[in-house]
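These protein sequence lines are chains A and B, in that order.
Numbering-wise (the numbering used here), the first sequence opens with residue 1 and increments by one.
Numbering-wise (the numbering used here), the second sequence opens with residue 258 and increments by one.
Errors might be hidden in some of the hints.
To be verified - Each computed DSBU-like pair below joins lysine-lysine, with the alpha-carbon atoms no more than 30 Å apart:
#: 1; chain 1: B; residue 1: 696; chain 2: A; residue 2: 63
#: 2; chain 1: A; residue 1: 63; chain 2: B; residue 2: 689
#: 3; chain 1: A; residue 1: 63; chain 2: B; residue 2: 776
#: 4; chain 1: A; residue 1: 63; chain 2: B; residue 2: 379
#: 5; chain 1: B; residue 1: 556; chain 2: A; residue 2: 73
#: 6; chain 1: B; residue 1: 463; chain 2: A; residue 2: 75
#: 7; chain 1: A; residue 1: 161; chain 2: B; residue 2: 419
#: 8; chain 1: B; residue 1: 460; chain 2: B; residue 2: 780
#: 9; chain 1: B; residue 1: 689; chain 2: B; residue 2: 283
#: 10; chain 1: B; residue 1: 818; chain 2: A; residue 2: 63
#: 11; chain 1: B; residue 1: 463; chain 2: B; residue 2: 379
#: 12; chain 1: B; residue 1: 780; chain 2: A; residue 2: 75
#: 13; chain 1: A; residue 1: 75; chain 2: B; residue 2: 556
#: 14; chain 1: B; residue 1: 463; chain 2: A; residue 2: 63
Since the hints were derived computationally from the structure, they do not count as laboratory data.
Below are the chains, spelled out letter by letter.
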Amino acid sequence: MFEFLDKFMPGILESLLPRASSYAVQIDVLFDVITILVGFWFFLVLGYFFYLIFRYRQRDGHKAEYISGETHKQKQAIEIPHYLILVCDVAIIIPTFLVWFNIKIDVPPPDEEVRIVAQQWAWTFYHAGEDKVLGTEDDIVSVNELHIKNNTQYSYHLESKDVMHNFSVPVFRLKQDAIPGRVISGHFKPILEGEWDIQCAEMCGVAHGIMGARIFIKSEAEHNAWLAANTPATSDTGTLAIVNQNRSQEKKDRNNG
Amino acid sequence: MAEVVHVEVGHGEHHDDHHELSFWSKYIFSTDHKIIGFQYMFTGMAMALIGGYFAYVFRMQLAFPGSSIPFWGTLSPAAYNSLVTNHGTIMIFWVAMPVLIAAMGNFLIPLMIGCDDMVFPKINRLSYQIFLLSAIVLLASFFVPGGAFGGAWTSYAPLSAKAQYNSTPFGAPLWLIAVTLEIVAFLLGGINFITTTMNARAKGMKIYDIPMIVWMIVIASILFMCSVGPLVAGAVMLLFDQTLGTAFFDANAGGDPVLWQHLFWFFGHPEVYVVLLPAMGIVAEVTCTFARKKLFSYKLILYSSIGLGILSFFVWAHHQFISGVDPRATYLFTTTTLLISIPVAIMLFAFVATLYGGSIRFTTAMLFALAFTGEFLLGGVTGIWLGSSGTDIYLHDTYFVLAHFHYTFVPIAIIATFAAIYYWFPKMFGRKMNESWGKIHFWGTIIGFNGIFIPLFILGAGGQHRRIYNFQNYPDLAGADMQDMRVFATMSLIVMLVSQIPFLINFIVSIKRGEKAGKNPWKANTLEWVAPSPPPHGNFGPVLPEVYRGPYEYSVDGREKDYWPQNEKPEPEAS
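One chain only, chain A, in its complex shape (with noise of 0.2 Å):
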């Protein structure tokens, strides 16, 4: 429903950044609905409201009317607009349901897991490797880098080591908020491929501002290429590297602020 609302659509949000998930198309789609809602009410009532100023503006021989609003004709000079708003909310309320609902709760059997560990300042991406099962020997785990295969539903399940942090990846309209002592899952299967940016979207200390990492998606061929080059499970040092760099950068610049 949703691709084919699409068509019709000015697509403001795909003009400005591409779309790299499946759902992204969903949200791009409520935005442009909204906005047309929303735009048409905006313009009406402001224009209305200038035409107001001018035709009123104060002039000579000319004297104010004396409206109350209280009868009911002219109370419904109000009740009419909200009734027709309450039109429109109601018109936004349905597909943002349809829509929370297709990325949020209905969650579709993946065919690869990832595991997503964010920490003050770096994220860290466990690949479930061959045997497609987290928490095995052949794990490939790599700091600031997700590497993922395109057209493959994934299922992703986000934890945090210290406080709040929000994996968002803005190509795929994703963002989840990564929690001390849960682990928060969800789902995300790629359409295009392409190198993009993963923010910390949520204020997570000194460091927030840089915690930025890269996300990968590539064809089949590429992609089994990347696993076989990468030996599994050794590469936690390299998380530790780069916190430890992350904190001396910090303390310089303290001791320059």
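Chain A is already provided as a structure; the job is to place chain B on it using the hints.
Same frame as chain A, now just chain B:
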């Protein structure tokens, strides 16, 4: 009666024959509601300058990353976070709250309901003193080891709970103590506003004769009192986590970090309406006076604001759609959030409808009031993208959110406040502000304001996330076109800030040299215009005014004058 009006350090003063008070008891430890209102107003204005300066520093960093910033120097990431955090904190708790509620409430309520002072003048004085202490504690946090708190104005646990995470062992507790003290101050003030309005109204002033701004401040105070309890409890728990080693928000020891978010936003969202309602009240007063019109549907506005207040308690989790609450909960909160558009729309429509058939005078105060309606409209409608949980998955914590709430808060805390200052300045100091300079100030402020935040909407929709020290670290956000928009926003901020210089000069000069205003320079109806300008201690002299009609009887048919003051005795029927 011979009046000697003389002015000192920005305070209007009136010598009463029977009172000779020292400078200290008159201005510093005064229990006069007007002086306390001024104290709040000047403290709020000073804090606004500090908050504006912070905005200038971090926007310069974003536009020209890493370069040396004039009047600051090089900005470190830790200092950047502190400035962002305290900009938000100051603008909400130390500018919007004191100026809109405390200053306007204190100055206006007794004057507009026709009594001589607040019913609890000493509680009133205590309220300001605690408020001042809270401001000093907050500012002091910039000078302690480790610097001021930098964990965002929402202060999410566990970042805020442990010094090992936030690196501000003293800044974080001081921030919390300052916020808690500020809340105590406003609870004391709120008791006064509600009690005074309910018990001390002039003879004849019925419940629907109360001016809208007084109603709005009362409803805002009630909202504040009902919502702030959980935040105070949360703040104490967080303070214990920071200093005593408790673990209310520590998941490793059985606490829950998301609990803080619930406690914070249960207060945080009604808080938006706590500051919105007085701003709406100001706009109602100013619009009616300068459109020479009766307020369109007084009762509908009043009931809408009460409905808005009630509804605002059921929307808080729309700040937490993606923060690990159960996904099913968002159905409820999306619905309530979108429903809140209805009372807000009714109020805005009523303001627009008030213009219909009017005779609009474009004074500076009226321009600011009209600008509020127009700008807040954009702030209000952009909330719908965010209240819809589906789009919020993407827009959460982007600059779209930031631009949205600045489009609500700047009209509230800056634009409506200026409308109020230009409108009531003659009553405060007995003189008018200069209109030409006022209009320069107006256009600079409005153009600058829109220039800042319209680019930020686009950047936010393009995926730019918040509280980032340097976007050049993100390849997707480092493009030249995005950087140009950041530079444009920063330049607009400088335009907006520079435009405040004519205001400040106009304000200070007009206190002494402005054109003298009589009792009622705007030909308005409400009771404050019955008192002398500026009103003496005790406001109305020995005889308090009596009220015969509602506050907005402008342009009544069959009357020669286009206004009809509330206290004017009806002419005896000619029959």
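Name the hints, by number, that the structure is in violation of.
Number 4 only.
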